[in-house]
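Line order of the protein sequences matches chains E and D.
Quick note on the numbering used here: the first sequence kicks off at 1 and runs consecutively.
Quick note on the numbering used here: the second sequence kicks off at 1 and runs consecutively.
The set of hints was computed from the structure by calculation and includes no laboratory data.
In this text the structure is predicted, and so the values were computed from the model without any measurement.
Each hint can be trusted.
It does not matter which identical chain is meant; a pair holds if it fits inside one copy or across any two.
For lysine-lysine, the following DSS-like pairs were computed, each having C-alpha atoms within a straight-line distance of at most 25 Å:
| no. | residue 1 | residue 2 |
| --- | --- | --- |
| 1 | Lys-234 | Lys-352 |
| 2 | Lys-234 | Lys-314 |
| 3 | Lys-239 | Lys-352 |
| 4 | Lys-271 | Lys-352 |
| 5 | Lys-337 | Lys-314 |
| 6 | Lys-314 | Lys-408 |
| 7 | Lys-314 | Lys-347 |
Now for the letters of each chain:
Number of protein chains: 2
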Amino acid sequence: MKSVLSYIDANTDRYLKELGALLAIPSVSTDAERVQDIGRCAEWLADHMRWIGVQNVQIMPTQGHPVVYGDWLAAPGAPTVLVYGHYDVQPAEPLDKWTSPPFEATVREDNLYARGASDDKGQTFIHLKAVEAFLKTKGALPVNVKFLIEGEEEIGSEHLEEFVREHADMLKADLVVISDSSMFAKGVPSICYGLRGLAYMQIELVGPNRDLHSGSYGGSVLNPIQALSEMIAKLHDTKGRVTIPGFYDDVRKLSAKERAAYKKLPWSDRKYARDLGVGALYGEQGFTTLERLWARPTLECNGIWGGFTGEGAKTVLPSRASAKISMRLVPDQSSAKAARLFERHIKKIAPKGVQLSIRSLHGGEPAITPIESAGVRAAIEALERGFGKKPLYQREGGSIPIVVQFKKILKIDTVLLGFGLPDENAHGPDEFLHLPNFFGGIRTVAHLFDVLPQFTRSGKA
Amino acid sequence: MKSVLSYIDANTDRYLKELGALLAIPSVSTDAERVQDIGRCAEWLADHMRWIGVQNVQIMPTQGHPVVYGDWLAAPGAPTVLVYGHYDVQPAEPLDKWTSPPFEATVREDNLYARGASDDKGQTFIHLKAVEAFLKTKGALPVNVKFLIEGEEEIGSEHLEEFVREHADMLKADLVVISDSSMFAKGVPSICYGLRGLAYMQIELVGPNRDLHSGSYGGSVLNPIQALSEMIAKLHDTKGRVTIPGFYDDVRKLSAKERAAYKKLPWSDRKYARDLGVGALYGEQGFTTLERLWARPTLECNGIWGGFTGEGAKTVLPSRASAKISMRLVPDQSSAKAARLFERHIKKIAPKGVQLSIRSLHGGEPAITPIESAGVRAAIEALERGFGKKPLYQREGGSIPIVVQFKKILKIDTVLLGFGLPDENAHGPDEFLHLPNFFGGIRTVAHLFDVLPQFTRSGKA
Numbered sequence: 001m002k003s004v005l006s007y008i009d010a011n012t013d014r015y016l017k018e019l020g021a022l023l024a025i026p027s028v029s030t031d032a033e034r035v036q037d038i039g040r041c042a043e044w045l046a047d048h049m050r051w052i053g054v055q056n057v058q059i060m061p062t063q064g065h066p067v068v069y070g071d072w073l074a075a076p077g078a079p080t081v082l083v084y085g086h087y088d089v090q091p092a093e094p095l096d097k098w099t100s101p102p103f104e105a106t107v108r109e110d111n112l113y114a115r116g117a118s119d120d121k122g123q124t125f126i127h128l129k130a131v132e133a134f135l136k137t138k139g140a141l142p143v144n145v146k147f148l149i150e151g152e153e154e155i156g157s158e159h160l161e162e163f164v165r166e167h168a169d170m171l172k173a174d175l176v177v178i179s180d181s182s183m184f185a186k187g188v189p190s191i192c193y194g195l196r197g198l199a200y201m202q203i204e205l206v207g208p209n210r211d212l213h214s215g216s217y218g219g220s221v222l223n224p225i226q227a228l229s230e231m232i233a234k235l236h237d238t239k240g241r242v243t244i245p246g247f248y249d250d251v252r253k254l255s256a257k258e259r260a261a262y263k264k265l266p267w268s269d270r271k272y273a274r275d276l277g278v279g280a281l282y283g284e285q286g287f288t289t290l291e292r293l294w295a296r297p298t299l300e301c302n303g304i305w306g307g308f309t310g311e312g313a314k315t316v317l318p319s320r321a322s323a324k325i326s327m328r329l330v331p332d333q334s335s336a337k338a339a340r341l342f343e344r345h346i347k348k349i350a351p352k353g354v355q356l357s358i359r360s361l362h363g364g365e366p367a368i369t370p371i372e373s374a375g376v377r378a379a380i381e382a383l384e385r386g387f388g389k390k391p392l393y394q395r396e397g398g399s400i401p402i403v404v405q406f407k408k409i410l411k412i413d414t415v416l417l418g419f420g421l422p423d424e425n426a427h428g429p430d431e432f433l434h435l436p437n438f439f440g441g442i443r444t445v446a447h448l449f450d451v452l453p454q455f456t457r458s459g460k461a
Numbered sequence: 001m002k003s004v005l006s007y008i009d010a011n012t013d014r015y016l017k018e019l020g021a022l023l024a025i026p027s028v029s030t031d032a033e034r035v036q037d038i039g040r041c042a043e044w045l046a047d048h049m050r051w052i053g054v055q056n057v058q059i060m061p062t063q064g065h066p067v068v069y070g071d072w073l074a075a076p077g078a079p080t081v082l083v084y085g086h087y088d089v090q091p092a093e094p095l096d097k098w099t100s101p102p103f104e105a106t107v108r109e110d111n112l113y114a115r116g117a118s119d120d121k122g123q124t125f126i127h128l129k130a131v132e133a134f135l136k137t138k139g140a141l142p143v144n145v146k147f148l149i150e151g152e153e154e155i156g157s158e159h160l161e162e163f164v165r166e167h168a169d170m171l172k173a174d175l176v177v178i179s180d181s182s183m184f185a186k187g188v189p190s191i192c193y194g195l196r197g198l199a200y201m202q203i204e205l206v207g208p209n210r211d212l213h214s215g216s217y218g219g220s221v222l223n224p225i226q227a228l229s230e231m232i233a234k235l236h237d238t239k240g241r242v243t244i245p246g247f248y249d250d251v252r253k254l255s256a257k258e259r260a261a262y263k264k265l266p267w268s269d270r271k272y273a274r275d276l277g278v279g280a281l282y283g284e285q286g287f288t289t290l291e292r293l294w295a296r297p298t299l300e301c302n303g304i305w306g307g308f309t310g311e312g313a314k315t316v317l318p319s320r321a322s323a324k325i326s327m328r329l330v331p332d333q334s335s336a337k338a339a340r341l342f343e344r345h346i347k348k349i350a351p352k353g354v355q356l357s358i359r360s361l362h363g364g365e366p367a368i369t370p371i372e373s374a375g376v377r378a379a380i381e382a383l384e385r386g387f388g389k390k391p392l393y394q395r396e397g398g399s400i401p402i403v404v405q406f407k408k409i410l411k412i413d414t415v416l417l418g419f420g421l422p423d424e425n426a427h428g429p430d431e432f433l434h435l436p437n438f439f440g441g442i443r444t445v446a447h448l449f450d451v452l453p454q455f456t457r458s459g460k461a
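The whole structure should be built from the sequences, with the hints applied where relevant.
What follows is the structure, encoded as structure tokens:
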């Protein structure tokens, strides 16, 4: 590894310059007028991968923006890593809020500022540079590597699932590694091994068949806003638990090891509450905030509406009221079952005098990569070597659909190796990549390639 | 009375023709381009009143449309009746929904169709024709009469309160009579002696200081939609009663006589529920539907909003949620006190983790004219003579601000002598006045003038 690490150290300036060239291409996928830049960016990446020594590099069309694929598979018997990333970026507007132009990468202090610096060109580039360090010094990698770099992440990865399905053989691997997220905090390298799933519902209550005058009719029929409020109020008990029968049945218990690991993370409820501007936190009793965010399912109202919502005092007793309500799920809950339990319970608690309709709008499964798995253990080891510091375990409260798709279609677990920072302005002005994380990331990925075989030898990735 | 009633019977055709001329003037107060028609209508009315023999007729300016005033005060010692009405009308649009042109009064079967036929030109005209019948046959009235006919009722009577204040002496009377509402049902003459008041509030809850991702943050902070729902759910108990402490303290109990009177009204909960399309009615236990609508206070949510309300599944944990909540009040509740009790209770039940703000948007007092009062007793007697049928007592669940203003400023009770029908399309296409009610109304008002002195002799109007 010495020569590989020396190569990385010797080439930092060039790495940065190359990343600057990649960041200069405004590959904004949300903007139909940028379609040529998207194509130009895919070309640039493909050329660069070829120069590094990645093989079978191709720009593969989808119904939308193309995928850039490449691999290096000359390590027979060694595990195969599928690296996922994306080369499209968010719009840079509002431009006047940027300190330096968004498509001219600029170093200030320890950070590199540009749109895409962290999300996700910079983090994808980390993997390419680690591969380069091996191929340019040793002519070979200790593992097989496949790159899947898409151009539609910022517009919902609309065509990726189909692409993965159609190219399942080509994408076969032992482990997916994604660097498209953040470490827990600056100076706190961490590995994210779990994501929550989602079951997103919409309910509507219809009371009287028309909007009524609240004076002439108030007191005679059930107001659908009142009915809806009373139903929503019934969905949590006084301990902050969701009251839907069976809701917690399939929740995988936090292991003692996980609870201990979360306790090690630098965290302050007080600081968190202050940052959000709330006087008190809220949630399921018996769990810490991080446990609630990562390892416990929740139910949230995402929207509510009904009756008169303009200025002033219209005296209406409305005909209908609606709410969007979603559940965040954890292993081993399933989205379809959560939706079913919700529907059954909501039907049960709907009062007489209103008609209920329920729609399931969206679903996604939770995902977890066991922390005892070879992939996670190797990533932990690599992070410690790359950053000179024991990394911490974390999960994430949201969902990353592609992780679930990889699991579902390719049957592979994902390790989320985030090198961003929580405050890196991923979708806002002055997005940046912290340079110690960029170079520490390249070293980490190089170590991951190096140590992965010895971990997989003892078990599945 | 014989000659008066014969005069009415002999002149029905002319009465109808004259009303047709009044209805032909499109005095739409909501339409700025109709301001000349408004003026023309006031002139027509004033001229007609002069022809009838009403004295001191004048078109009195306000900041908005003018008031038409006239009186006949040559019955010293007799009570004075203030007749309130309005000569402005709602817009007639959509015109293509009218069977006959809205400003060409047309008789079909027993009804006269035109904009304003019932609301309120036709009902105001009833009083003028009763006065005419006396003056043209006897040259005198048994009571003193004052007419206050405004031109801004359909736009909220914006300048009327000021007008009443400024002309309190001129408007002094013993009883106000208003015919601008409906009888209970076709063939069921009734007298409305009570109206509910209003206290209209708006509350807002702010949780986190920004909209959050419901995946990344769900489970850690109180969702303001959930908080709002839980608060609204606490405002009614399982018996449909409002839980605000002190809310019912000032509610005047229904007398046995009133309860008995309501029971006489033709009413079917089943038909009412079917008409509204609800499977069950709802309200405070221990009271009939009519009692709840007329004589019990209620609390209704008029609007609610928060979070994402568009199409689809946006995973937001919103920063804020709001609701409009109004209370309908009955004697002897006061709007200010209800607002105060609401505010105190809402503050008490607001949970930690959200910031609450409360606004009072609108208030109005309840009104009641005791059914034992001379005015109500005289009106009951007059209705029985006018329609040949014992009339019934009713109240109305809504508010009529002018009734409260007459009480507050002039200290006079109002008798609501509605000659419309509940289905007369007051603000819609094909508005009509039921002709038996028009002629029965003229006879009733004539009888009211006739009998009122003997009732007031025994007590205050």
